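Trainee: For reference, the chains in residue letters:
Protein chains: 4
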Amino acid sequence: MKKIGVFTHGADASGMNAALRSIYRICHSHHIELIGIRRGLAGLTEADFVPFDRSMTSNIINRGGTVLHTSHFLEFENGDMRHKAVVNLEHAGIEGVIGIGDATTMKVLSQLAREHSVKTVGIPATIDNDLYGSDYTIGFDTAINTATEAIDRIRDTADSSDKVYAIEVMGSESGFLATYVGIACGADYIAIPETLTNVHDLFHKISHANRRFIIVIGEGDEVGGAQELANLMKEAYNLDIRVAVLGHMQRGGTPTVRDRVLASRLGQAAVDALLSGASNIMVGETNGEIHQTPLQMTFERRKALNEQFVRLAEMLG
Amino acid sequence: MKKIGVFTHGADASGMNAALRSIYRICHSHHIELIGIRRGLAGLTEADFVPFDRSMTSNIINRGGTVLHTSHFLEFENGDMRHKAVVNLEHAGIEGVIGIGDATTMKVLSQLAREHSVKTVGIPATIDNDLYGSDYTIGFDTAINTATEAIDRIRDTADSSDKVYAIEVMGSESGFLATYVGIACGADYIAIPETLTNVHDLFHKISHANRRFIIVIGEGDEVGGAQELANLMKEAYNLDIRVAVLGHMQRGGTPTVRDRVLASRLGQAAVDALLSGASNIMVGETNGEIHQTPLQMTFERRKALNEQFVRLAEMLG
Amino acid sequence: MKKIGVFTHGADASGMNAALRSIYRICHSHHIELIGIRRGLAGLTEADFVPFDRSMTSNIINRGGTVLHTSHFLEFENGDMRHKAVVNLEHAGIEGVIGIGDATTMKVLSQLAREHSVKTVGIPATIDNDLYGSDYTIGFDTAINTATEAIDRIRDTADSSDKVYAIEVMGSESGFLATYVGIACGADYIAIPETLTNVHDLFHKISHANRRFIIVIGEGDEVGGAQELANLMKEAYNLDIRVAVLGHMQRGGTPTVRDRVLASRLGQAAVDALLSGASNIMVGETNGEIHQTPLQMTFERRKALNEQFVRLAEMLG
Amino acid sequence: MKKIGVFTHGADASGMNAALRSIYRICHSHHIELIGIRRGLAGLTEADFVPFDRSMTSNIINRGGTVLHTSHFLEFENGDMRHKAVVNLEHAGIEGVIGIGDATTMKVLSQLAREHSVKTVGIPATIDNDLYGSDYTIGFDTAINTATEAIDRIRDTADSSDKVYAIEVMGSESGFLATYVGIACGADYIAIPETLTNVHDLFHKISHANRRFIIVIGEGDEVGGAQELANLMKEAYNLDIRVAVLGHMQRGGTPTVRDRVLASRLGQAAVDALLSGASNIMVGETNGEIHQTPLQMTFERRKALNEQFVRLAEMLG
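Chains as they are written, first to last, in this note's numbering: chain A, 1 to 317; chain B, 1 to 317; chain C, 1 to 317; chain D, 1 to 317.
The hints are simulated quantities; they were obtained by calculation from the structure and are not laboratory data. Honestly, I wouldn't trust all of these hints.
Repeated chains share a single entry, so a pair holds when one copy, or any two copies, can fit it.
Cut-off 27 Å, straight-line C-alpha distance, at most; resulting in silico cross-link-like pairs (DSS-like, lysine-lysine) [what the hints assert, rightly or not]:
#: 1; residue 1: K107; residue 2: K234
#: 2; residue 1: K107; residue 2: K163
#: 3; residue 1: K2; residue 2: K303
#: 4; residue 1: K84; residue 2: K3
#: 5; residue 1: K163; residue 2: K84
#: 6; residue 1: K234; residue 2: K303
#: 7; residue 1: K303; residue 2: K205
#: 8; residue 1: K163; residue 2: K2
These numbers were taken from a predicted model, which means no experiment stands behind them.
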């Protein structure tokens, strides 16, 4: 293999740049040319390609976002777009493609491999940590630390005034983020999609506590988000809850050590996988070791949240 | 003077604890007893008093919030409540009162001095920086750094996807916070109460830029907040703007050095003022020196935002 | 079991407080009284005991150090001291003891269990991550992030002036910390006890790079620390290397989410272990699950650094 | 004026990049070409010039160090070198030069103006804050926050073990940094060049405290640094003091809001000064307003540390 392409797609996650740096350096040590595909699937369709050199990966290991930029290019579901992409890859002489991103990215890589025999390898990167095949995804560790730092700040205010706060964190499909953050910030209650939020019980818990009370709620909870919960509580019990939605700030920022190291490892593993002839797989880290998982499993199977964490959160709340 | 009381009132601000520590230590060196009045004006009315000792101010210089807690006790506008407060102070033998907080706190201190001859001194503490009589108020420096750090994170995402973001920061009456933060994060546009936000011009600026565009908007802007601006842009020009409201997280957190030093200085100055016989004044720092300002001026006069900052922001945007 | 004692011993590690909070809350839910043994083994010998209540564990989950304080009480190797300790425990009615700390702590807990039939459970907490029986020890994740953040800063200077820096991090026995930090900060060379540092090769690598060059060196490297390496390079090749020793600042600070969650889990597991009748064991987390390891194994066996990390560091350097 | 040159010289300081960005944007708005002189005076002598464009100043406002790089080019004291520099400037058509840096930089700018009639303007940037003509220099605010954050961490350890620590911060000529940091971290003693360190009194203060004791010492104190102080205390009183030297990490890192805003303002002021015909001056901020100071005064006069700060530190210690 002489030429590999790489893109980042979907929502950005801190550590994507560290993965790009690792991929470039491993390719370089194998004398493989690395082509950056800009703006994810949009750039793949439009042949927005740029060859990597050392300066492109210099001093990016500690920067959030992605120097290749990204997109949410929904048009790629159109077969014509995928055909264009394949033609672009062939024309550029790209023999293998590494895609860094979330479940959507894995789906597309799987399609390209199955329909068009493109050699594809995925690297899991999403702050939601909801991809099967890797204990952690790139960006998750940074996001939980960012969210917890923000909640530590809010807690200063909550402690000073003995109010009730509902703080909404990301995680539309799963409660990984809310659970880790909730335990870490000493939340009094954690609301996640995996468990049923009983508003009646929650109200009694708050009343019983009779002091500042912090609820961490994942955006995917069946109640809705923090505002919906506050509305429910107001209507049902005339209870005032202050609302904080952490929002976009959870994605970016200097990546943590774990995210930089995971990204560096998975970058190496992805190049190694392509060189060994593997395709249609995602590289991940499970129990500290590198594993390959068929792409289709990564988005079809559901990675379960360890129930011990849920129980721990309940006992400490 | 043998016994001084101190309270924190209104919204908390990082550095309040550093002020309390300073006040305690300065009192201690003068052999004055310091009484903590808990929960602001609520505690003053209910005689919720606690004597300070060294352990109460140990390791709090670097903690956000206020160990004395605070409240928004609107009932204090009732003269009966103020009468209760004065009785409580007399009963406890408190000869002078230091109040730490925002404009409302200064108003109350002024009332107590004028109506009831209580010796009062104010210390300005609000993240909005909108009190006349001090170049900076305690909590402002921490808040601008917290907000800027959050926007730095959002910018990673914005840069990765070339979208338009409207980010709302605090500041209901004045644009200090939005202006400092806007300059610091390299915002493309800053919307503040002090200037008129021309939506038409803004749209053209965004269109012309044709890349990621970051608007920092103070919550007190005449357009409304970030969501209102986004709605206006959607209706008028069908332009999609992503909204981020930084919210409560702007208040708390480990105070910066400037806030700790300012709080330490003003704590010393407040005790010195009471000891020298001053009353009905706020201590502040102007041009690096300690000054006293009659309490009434602090909330009646408006501290103007330096126009040079506004122009600088426009030129760099 | 009605009464449990807990102490923190040796060097402090961020997350010890989160462990104490978890232990207290789990004990509380089981109606077990928790006794804090202050200043580690010194306090155990002197019966410096304090009963835990909710206020002691309030708002400590996010604070570095240990509210119980710690000591390096070498006199405990004396059998008389241990006898005193056992008498103190019996006298206070303490039926089980949880010790939080490093290898020395595990040794002492093992002695108390074997010699005196005290029910003991250990929780691994050391920034060095060098205890067998847990993939990670409490404090490690915070330390690697703190060290990396400091090196990120130094790199700004290094990049601006194209100099060579040797930066010494902690880790007297093992290279976990240096390896994670080295990969995360994009070090050009990592010197650890597990591998031989070839000064000649290193010099050629530096000369060949001909630009800023960052060496991360563990304090336990066979060359010595950063200063010794710089001296060697100066003598042998007249090469100037700037030295930075990160030192004590690596221990403290607000714990990361991983350290808070790990500490919370291990706190729960330690109480559960005592309640289930276990003794003379350390609780740890391996491959995401809680495991118990006989105390003697934890300090006699050597936890190996994953060789893949060493090779990854070499390839990316 | 059609073409301006800019360089950064000496030790780097956080905010230099924000100044470069501001200078570029202000020049751009005046249709002036901006030439970057790389590696400070070394690049000036070797005509290492690069024209600025928007991409060079994109996303650098929040990055430490300097994208233009810097040097300590002592050979510039040689008149031949300065002659070369002047020829290079003329040859490139550069009509005015902005130099960003410390006292040495101001000296050189002064020489070029006086000896060779080069139009020069200086911008003060040094973490030591020891230039006359500006209340604060670029980089100081970031450095005091970085140092304080590191000491906050060390304090966690100090509090846990009741030891005595001497922590050395930068500041070879003046005690600005040590004083701000000392007050902010609640130091028990601050040793600075401006005051005499009485080792005997210090020993008694430590003995009297009989608990953890933190000394912040500026590297320029007449005792020497932290290690020298510890040696003195060991020899004279057999007192063990733990030593921490913060070192190089104090320079870099993401600049604070104050440093970004100050740098943005001074960048604008420097261009404005050149355009208005000024030369041989440094722009600075005094009492919140922009002022110009003859270059020679900036390094010949000594900016005094406000004595109130020294006394405050003593009273709070």
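Trainee: For each hint, tell me whether it holds in the structure or not.
Mentor: Hints and how they fare:
1. K107 <-> K234: neither (42 Å within a copy, 32 Å between copies)
2. K107 <-> K163: between (44 Å within a copy, 24 Å between copies)
3. K2 <-> K303: Neither, since 35 Å and 39 Å both go past 27 Å.
4. K84 <-> K3: within (19 Å within a copy, 47 Å between copies)
5. K163 <-> K84: This pair counts as between: shortest inter-copy Cα distance 25 Å, intra-copy 56 Å.
6. K234 <-> K303: Neither: 35 Å inside a copy, 38 Å across copies.
7. K303 <-> K205: neither (30 Å within a copy, 44 Å between copies)
8. K163 <-> K2: So K163 and K2 fail the 27 Å test inside a copy (61 Å) and across (35 Å) alike.
In summary, the structure is inconsistent with hints 1, 3, 6, 7 and 8 from the numbered list given earlier, while agreeing with the others.
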